[in-house]
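Trainee: What follows is each chain in one-letter form.
There are 2 protein chains.
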Amino acid sequence: MSELKPYLTDLIAEVDAALDRYLPAENTTPETIHKAMRYSIFAGGKRLRPVLCLAAAEALGADRSVAIHAACAVESMHTYSLIHDDLPAMDDDDLRRGRPTNHKVFGDAIAILAGDALLNESFVMVSRTAKTARYHGLDFVRELATAGNSQHLIGGQVMDIEAEGKQITREELAHIHDTKTAALLTTSIALGAMAADASPIQLSCLTRFGRALGHAFQVIDDILDVTADTATLGKTAGKDLVAEKSTYPALLGLDGAKAEAQRLTGEALHALDELDGDATRLRQIADYLLKREY
Amino acid sequence: MSELKPYLTDLIAEVDAALDRYLPAENTTPETIHKAMRYSIFAGGKRLRPVLCLAAAEALGADRSVAIHAACAVESMHTYSLIHDDLPAMDDDDLRRGRPTNHKVFGDAIAILAGDALLNESFVMVSRTAKTARYHGLDFVRELATAGNSQHLIGGQVMDIEAEGKQITREELAHIHDTKTAALLTTSIALGAMAADASPIQLSCLTRFGRALGHAFQVIDDILDVTADTATLGKTAGKDLVAEKSTYPALLGLDGAKAEAQRLTGEALHALDELDGDATRLRQIADYLLKREY
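Just so you know, the sequences run in chain order A and B. 172 is the number of the first residue of the first sequence in the numbering used here; add one for each residue after it. 172 is the number of the first residue of the second sequence in the numbering used here; add one for each residue after it.
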């Protein structure tokens, strides 16, 4: 198996090209909203969710193109959630993916609407996934809608806001991460697997991998917020402390948090041991995520 | 055919009961978001869109229960758009359906998230519509997603915001109404018709009816904003003038606007003349809308 970097570059290029085909051109009326949608979608994110989606389909022996619609859908849903989370009424962030946040460029009203539009489009995208022997089109729609609902992606953001300035337990923090981050990440993998007609056992392995990886990812994000600088992050560093957010470094100390990230990544990799498929790329991606600068 | 009022009461009760089954209970974690979603959904709206959805299915001879999921979906999408439109960053409204707006009660952050959650749920709801001989589940999902996208519901709100304080032409105003109001209203009727397995000709008749009715409805809304008081409207009267919005009364004068509402209602009723079905209830609803107090 070749190196990870050129593989990621290929996948990201495919996702970007597909997103470009999906979203109305910048000069489509009304232009403001289409400029705003494209501004955030093409801000140069890591594309972690769509990459995992495509890699999951490949791990089961399918051509990764079967999962391209689902890959676009999870990225579109993720980007909408970032735009809304960054609003002054929520986390009030000026910087995202190394650029001014959507509302700093387009104003709050357009940012809210651009987020709405990307959420709406994510369902168009996922609905294009071709049915398989085991899964029909609506299974993909419902999988995405569950990850995005008021008990997962949105519920996690609510609990995150409500926990600000409060002491919460490790279990409560894990529940916030599970809903706010791990759910959509797990769904990204599940959708890719379903597009490849995953067996129930394959889907269960990959779902356990996704959930553990999602937790690991969030713990590492918390660590980076403390240890990295704003230029490296592409978003404002140290903001968790300012917002009095509960984080793993705050609860467990920096070394404790690093150990927890390692433990969760181990758990993720362990879930792949039982996968009837070729998990090499998924393992590489998990390793790569754990070794992000901190 | 009996009177309209008890018929509407029955339909609204059915829609309310179905929405109550769909939405997580108020004590579901995190409670705030579920309270906020239910606050706006059960604020006593007219339920015009779900009523039209159910009545369209009945007009084609189906049991209206086939369209109940779609009826909930269009109401959920409509309610999300009201919550977001009322935000301080947009129309900045304090009153809706006779009660304080969502953000006045729950704050801007929760209001944004409650709107997001209702948009997300609308796709779950519409995805439950049973397939027919002519339409499969994804047709319903895509019909809803088209009405809600950046060139229809969201695009209309963008153009509405951008037109504030500007002189716009009658054609531009008609385009805003077409996207902001008529699109979802037409889709409400189309979804009900599709759930009843409408033929292409039936769907075309009902779509023309919906579009003309949607325009008539918006013209009447503009008139009521000038002529009715806040208590009657349940939302702040006279706000179009304050926001320097272009409206039909402003462009055509009050009498001109009333004539236009009548003309559009005539156009809507005329579209029903060719319907292979029983259009009595749809006619009654159109008459009822035209005769709203002004």
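Some hints here could point you the wrong way.
Treat identical chains as interchangeable: a pair holds within one or across any two.
Here are the simulated lysine to any residue pairs, SDA-like style, with alpha carbons at most 20 angstroms apart [stated by the list, open to error]:
id	residue 1	residue 2
1	Lys-275	Pro-259
2	Lys-337	Glu-202
3	Lys-206	Glu-333
4	Lys-302	Arg-313
5	Lys-206	Gln-322
6	Lys-275	Met-261
7	Lys-206	Asp-187
8	Lys-337	Thr-200
9	Lys-206	Ile-332
10	Lys-217	Gly-308
11	Lys-302	Leu-395
12	Lys-410	Thr-398
13	Lys-337	Ala-414
14	Lys-429	Asp-181
15	Lys-337	Gly-278
16	Lys-217	Thr-200
17	Lys-206	Asp-400
To be clear, the hints were calculated from the coordinates, so they are not data collected in a lab.
Trainee: Is it within a copy, between copies, both, or neither that the alpha carbon of Lys-337 lies no farther than 20 angstroms from that of Thr-200?
Mentor: The answer is between: 17 angstroms across copies meets 20 angstroms, while 45 angstroms in one copy does not.
Trainee: My question is about Lys-206 and Gln-322: at a cut-off of 20 angstroms on alpha-carbon distance, are they close within one copy, between copies, both, or neither?
Mentor: The answer is between: 13 angstroms across copies meets 20 angstroms, while 31 angstroms in one copy does not.
Trainee: Treating 20 angstroms as the Cα threshold, decide for Lys-429 and Asp-181: within, between, both or neither.
Mentor: neither (30 angstroms within a copy, 59 angstroms between copies)
Trainee: How would you label the pair Lys-337, Glu-202 (within, between, both, or neither) given a Cα cut-off of 20 angstroms?
Mentor: Intra 42 angstroms, inter 17 angstroms, cutoff 20 angstroms: inter-copy only.
Trainee: Under a CA distance limit of 20 angstroms, which applies to Lys-206 and Glu-333: within one copy, between copies, both, or neither?
Mentor: Cα proximity of Lys-206 and Glu-333: across copies only (15 angstroms, versus 32 angstroms in one copy).
Trainee: Give the relationship of Lys-206 and Asp-187 under a CA distance limit of 20 angstroms: within one copy only, between copies only, both, or neither.
Mentor: Within one copy only: 16 angstroms inside a chain, 38 angstroms across chains, cut-off 20 angstroms.
Trainee: Are the CA atoms of Lys-217 and Gly-308 at most 20 angstroms apart within a copy, between copies, both, or neither?
Mentor: Intra 27 angstroms, inter 33 angstroms, cutoff 20 angstroms: neither.
Trainee: As a check of your reading, is Lys-337 near Ala-414 (CA-CA no more than 20 angstroms) within one copy, between copies, both or neither?
Mentor: within (11 angstroms within a copy, 40 angstroms between copies)
Trainee: With identical chains treated as interchangeable, where does the CA-CA distance between Lys-337 and Gly-278 reach 20 angstroms or less: within a copy, between copies, both, or neither?
Mentor: between (30 angstroms within a copy, 19 angstroms between copies)
Trainee: Are the CA atoms of Lys-302 and Leu-395 at most 20 angstroms apart within a copy, between copies, both, or neither?
Mentor: neither (40 angstroms within a copy, 48 angstroms between copies)
Trainee: My question is about Lys-275 and Pro-259: at a cut-off of 20 angstroms on alpha-carbon distance, are they close within one copy, between copies, both, or neither?
Mentor: Both. Shortest intra-copy (10 angstroms) and inter-copy (16 angstroms) distances satisfy the 20 angstroms Cα cut-off.
Trainee: Within, between, both or neither: how does the pair Lys-302, Arg-313 come out at a Cα-Cα threshold of 20 angstroms?
Mentor: Intra 13 angstroms, inter 16 angstroms, cutoff 20 angstroms: intra and inter.
When the structure is compared with the earlier hints, violations turn up for hints 10, 11, 14, 16, 17 and for no others.
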